[in-house]
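Colleague: Now for the letters of each chain:
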Amino acid sequence: MASAAIKSGALVSLKDLKPSSEFFKDGASLRVTGKLVEYSVETAIAIIVDGNVSLKIDTQHLRELTFRIGSIYQFIGELLVQSENEATLQARVGRNVDGIDLNLYHQSLQLLKQFQADHLNKRTN
Amino acid sequence: MGQMINSARTIEPQSRFPMNQQRAFSLYHTHIKLLGFDLNSLTQSSSSSSSDAVSFSRRGFAVSCAEIVGVVVSRDLKPNRFLRFSVDDGTGCVSCILWLNHLTSPYFASRHQPDVRIIGNMATHFAAQIRVGIVARVRGKVSSYRGVVQITVSDVVVENDPNAEILHWLDCMSEGSF
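In order, the protein sequences belong to chains U and X. Here UniProt numbering is used: position 74 in the first sequence is 74, and no number is missing along the way. Here UniProt numbering is used: position 121 in the second sequence is 121, and no number is missing along the way.
Hints may contain errors.
Distance condition first, Cα-Cα at most 25 Å in a straight line; then the derived DSS-like pairs of lysine-lysine [unchecked claim]:
#	chain 1	residue 1	chain 2	residue 2
1	X	78	X	141
2	X	78	U	7
3	X	78	U	18
Hints are computed from structural coordinates only; laboratory data are not their basis.
Given these sequences and hints, build the entire structure.
Modeller: Rendered as structure tokens:
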């Protein structure tokens, strides 16, 4: 089944996407959220930021999405690591999430990671 | 007649579950809010080769229906047969099957045809709403296909609130102790 091969995009905050992070791996499936600060129609490269961290997004496969500078977007895709400190997310899914409560999102994300880790620990013990 | 139906409903879970599970039988027909990783790791038990005989449990408690919320990341439509799609909630990717063969399947032949037409029309409506990139709230029966847990969809709601997924995570975590 095609759907069985699709990997879940791990939820990650841009500030946690450091080169030393477990998520900073070539081919890692991730879901990232941030404010659009740059977008090139020619290259289809978008740049999103969250706090003082930015990430390049290759949006060439997202034909139906319109890009508006200053709006918040969420992308799911695979990370392409180009050098030790540089990576681009090759997005396969994207959406505008203007109106999202980013504080609630980041706090809930921490709780969710903890909840998931607790469950996995219970299962293995 | 009403009494017969009611008594059948109350007897069924008690006879189906062992004593240590009966305190949770009231959840058996409830759409339990689950995260993708939790749904994908439900324990499956099968007593015969029939797919209907597969039952699912989570930490010892029977689960038959579930509700998930996530981004639709794939869509495979077989017109008048089914729509298979995947929902990614960030913890796991859940496979969903929405049947669209209500008017041709022998499974529905013995049922009240006006009802079958309504169900079929609803399914067609849901299928048209499912697009890659939207956030969907999906409810349905937990089933399995080739050993992989999936949801046989009974209803779909497209979520336009960008906070809907976050609120669903919080609901799942608060319900997660059952």
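Colleague: Taking the hints in turn, state whether each one holds.
Modeller: Status of the hints after comparison with the structure:
Between the alpha carbons of residue 78 of chain X and residue 141 of chain X the distance comes to roughly 20 Å, so the proposed pair stays at or under 25 Å and holds. Distance hint between residue 78 of chain X and residue 7 of chain U is fulfilled; the C-alpha atoms sit about 23 Å from each other, no more than 25 Å. For the hint pairing residue 78 of chain X with residue 18 of chain U, the CA-to-CA distance comes to about 42 Å; that exceeds 25 Å, so the pair is violated.
Consistency with the previously given hints fails for number 3 only.
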